[in-house]
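**Q** Next come the chains, spelled out residue by residue.
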Amino acid sequence: MADILFAIALFLILLSTGGFIVYIIKQREKVFLLSCITLSAGFIFHTLFLVSQYFTLGVAPVISLKSSLSFFAWCITGAYLVFHVRFRLRVLGSFVAPMAAILMIISSVIPGVEQNINPILRSAWLVVHVMTIFIGNGILAITFISAVMYLIQEGQIKRKTLGSFYKRLPSLETLDSINHHSIIYGFPFLTVGMVTGAIYAQYALGSYWRWDPKEVWTLVTWLGYAMLLHERLAVGWRGRKAALMSILCFLMLIFTFLGGSLWLSNYHTFRNLGAGAGL
Amino acid sequence: MTMIIDIGMNHLSAPVELRECFANDPGKTGTALACMRESELIREGIFISTCNRIEALFTTDYPEEARMIITSMFSRLGGIAAEDFLSNLYIFEDLDAVTHIFRVASSLDSMVVGEPQILGQIKDAYHRASVTEKTTGVILNRLMHRAFHAAKRVRTETGISESAVSVSYAAVELAKKIFYGLEGRKVLLIGAGEMAELAAKHLIGQGVESLLVANRSFDKAIQVADLFQGKAILFEEIGHYMVEADIVITSTGSKDFVITHDIVRRSLKERRNRPLFFIDIAVPRDVDPAVNRLADTYVYDIDDLMTIVQENSSQRRDEAIKAERIVQEEVIRFERWFKTLDVVPTIIALKERAEALRKAEMERSLPALSQLTESQVQAIEALTVSLTDKIINDPILSLKNKAGRTGKDTFLDVTRKLFNLDMENQKRS
Chain Z
1 MADILFAIAL FLILLSTGGF IVYIIKQREK VFLLSCITLS AGFIFHTLFL
51 VSQYFTLGVA PVISLKSSLS FFAWCITGAY LVFHVRFRLR VLGSFVAPMA
101 AILMIISSVI PGVEQNINPI LRSAWLVVHV MTIFIGNGIL AITFISAVMY
151 LIQEGQIKRK TLGSFYKRLP SLETLDSINH HSIIYGFPFL TVGMVTGAIY
201 AQYALGSYWR WDPKEVWTLV TWLGYAMLLH ERLAVGWRGR KAALMSILCF
251 LMLIFTFLGG SLWLSNYHTF RNLGAGAGL
Chain X
1001 MTMIIDIGMN HLSAPVELRE CFANDPGKTG TALACMRESE LIREGIFIST
1051 CNRIEALFTT DYPEEARMII TSMFSRLGGI AAEDFLSNLY IFEDLDAVTH
1101 IFRVASSLDS MVVGEPQILG QIKDAYHRAS VTEKTTGVIL NRLMHRAFHA
1151 AKRVRTETGI SESAVSVSYA AVELAKKIFY GLEGRKVLLI GAGEMAELAA
1201 KHLIGQGVES LLVANRSFDK AIQVADLFQG KAILFEEIGH YMVEADIVIT
1251 STGSKDFVIT HDIVRRSLKE RRNRPLFFID IAVPRDVDPA VNRLADTYVY
1301 DIDDLMTIVQ ENSSQRRDEA IKAERIVQEE VIRFERWFKT LDVVPTIIAL
1351 KERAEALRKA EMERSLPALS QLTESQVQAI EALTVSLTDK IINDPILSLK
1401 NKAGRTGKDT FLDVTRKLFN LDMENQKRS
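Protein sequences, first through last, are from chains Z and X.
Going by our numbering, the first sequence opens with residue 1, and the numbers climb by one from there.
Going by our numbering, the second sequence opens with residue 1001, and the numbers climb by one from there.
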């Protein structure tokens, strides 16, 4: 059942990715509408998949790389749909949908280890910890994408080579404002995720902070985002500098996520989570 | 047989002095439409008048006489003798007229191809004719709606109205790619000149809130500022106001750079990195090109803008071919509908004749049916209706199929004779 839901979600997201790519080339309103509807349908099936996973496993479906990548994709899609309601920036979908699709494909290809659930993982704190961190990641992915779009557009205007992206991308201020808002929304989720993680660690392991590499790297990333937010709000950073910084921060975030999950960490790795040997 | 005719003149057929005589004036449109309504030879009419063209579009059964009426009306509207402008008129008939109107609405016949105003002007003209003066009917209503549809397709399916083909317009387009919107922005205009003022005018048209004007001569600055309800500032204050401005247009006769790297760099911190867009129309240039290297600052000089305009013009030519194809498609669609109009009167006559016969026979038989109950009489009534419908159904279908094909006239003729449609008319009269 869950596999079918996931397959449908993956299919719909791939379909909408194709649609969004056609949209950015052809600029047809109908293509956009169809892609957006397909993506929303994919999101709904994905949500159903996650809910069914939650009930069968009894824990949030994020304890393996496989499932967390799929959850990451869900967060990005969700963040995009919410931003679409707010900003109506169509072309963003052409960047978000492929990203979500790639994460979903990777998730569907790598083998999952969903057996042997460590009882310590059955905790509401863990659910909140993981949920908020990933929602934060999803929104910060929008920050990253808008920064990339900003640099493309800014480069074209600055160098006076107004290529095909020039017409399709929105104005610099629009992109900057999306970047700005997505940090403002994403950062608190990241923060809450870290705090709840610390509380969960205290409850499960007896200490708030263990200098685990993933914890340290997350802190570094968090400080990066905190600095960016501070510079934006207090010093008036914007535009190119802010875009570069948000790209750097997101790369750190991805590094933390993959590195920390796969090989750097002691107890945060999925191998340990899955085997029940860690923690 | 009703014909669609379009008589008019545009920027290609008539010089500006002549077009001025018919200058866009609501009173004249009213007069023209009233003239078309009062003439018995003209069935439906629309009058379009903009600063670049006049068009009288009408349907008539008497093309020669109607043409005379329209030219004499033009002569009265413009206050000039017909001989003085006859050679500047073009006359299109039937599908040529349809094609012409579709092209005009799609902005393919405009002086600046793809400019968006013309569609609005035609919509206004149609509204005036159809709602206020009530001079349109079945054919022109359909024709105009198809014209709007064609125009919409051209706009959405081709890039014809996307690219800027004038320097000032290109500058506005660029500003829109830098700023979220132009509402509430501040423009600083340094120097004077036609092109700079045109760019300022375009920007104000897009919602720019305030305009600052600086000039070496303060008198001149005040003069230009009054023109746009802006504010004049001293030349020495430029550095200070650079902090507030979002868009700076420069067009001075100065040989040296008026805007140096230093002036801009100093304002950056106070601007808190808000983007700053320089439009440098002056030759030699007023803005140091090095300014473009500063963060969040964009400098476009006249050459840069000209390059954009040239690229856009060639792109627009390609798109125009696509647009002409769309217009052709829509004309063919309209043609199909227009041709069915010929058979419509015969079909209606056929239906009326059948219904009249049915009613007469029904009335004649009623006394004999007095024994029957109400519901039985109704059943017989229904029977006669469906019987007559069935009998004339196939003739109607084959007439519709013949619409717009050769041999149609023979079919119409035979139908009228077989069903005695014209005899019936005679009896009535």
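Derived by calculation from the structure, the hints in this document are not laboratory data.
Incorrect hints may appear among the rest.
Dumping the calculated DSS-like pairs for lysine-lysine here, alpha-carbon to alpha-carbon at most 30 angstroms [what the hints assert, rightly or not]:
#, chain 1, residue 1, chain 2, residue 2
1, X, Lys1176, Z, Lys26
2, X, Lys1186, Z, Lys160
3, Z, Lys167, X, Lys1417
4, X, Lys1176, Z, Lys158
5, X, Lys1322, Z, Lys26
6, X, Lys1123, Z, Lys30
7, X, Lys1269, Z, Lys26
8, Z, Lys158, X, Lys1123
9, Z, Lys167, X, Lys1400
10, Z, Lys241, X, Lys1123
If you only want the chain Z side, here are some residues facing chain X, beta carbon under 8 angstroms, derived [unchecked claim]:
#, residue
11, Phe11
12, Arg86
13, Pro188
Since the structure is predicted, the reported quantities are computational estimates derived from the model, not experimental observations.
Beta carbons are placed, not taken as given, at the ideal position from N, Cα and C, and that holds for glycine.
**Q** Each hint should be assessed against the structure and marked as holding or not.
**A** Verification of the supplied hints:
{"no.": "1", "hint": "X:Lys1176 with Z:Lys26", "verdict": "holds (21 angstroms)"}
{"no.": "2", "hint": "X:Lys1186 with Z:Lys160", "verdict": "holds (23 angstroms)"}
{"no.": "3", "hint": "Z:Lys167 with X:Lys1417", "verdict": "violated (64 angstroms)"}
{"no.": "4", "hint": "X:Lys1176 with Z:Lys158", "verdict": "holds (14 angstroms)"}
{"no.": "5", "hint": "X:Lys1322 with Z:Lys26", "verdict": "holds (14 angstroms)"}
{"no.": "6", "hint": "X:Lys1123 with Z:Lys30", "verdict": "holds (25 angstroms)"}
{"no.": "7", "hint": "X:Lys1269 with Z:Lys26", "verdict": "violated (41 angstroms)"}
{"no.": "8", "hint": "Z:Lys158 with X:Lys1123", "verdict": "violated (40 angstroms)"}
{"no.": "9", "hint": "Z:Lys167 with X:Lys1400", "verdict": "violated (48 angstroms)"}
{"no.": "10", "hint": "Z:Lys241 with X:Lys1123", "verdict": "violated (48 angstroms)"}
{"no.": "11", "hint": "Phe11", "verdict": "violated (30 angstroms)"}
{"no.": "12", "hint": "Arg86", "verdict": "violated (14 angstroms)"}
{"no.": "13", "hint": "Pro188", "verdict": "violated (24 angstroms)"}
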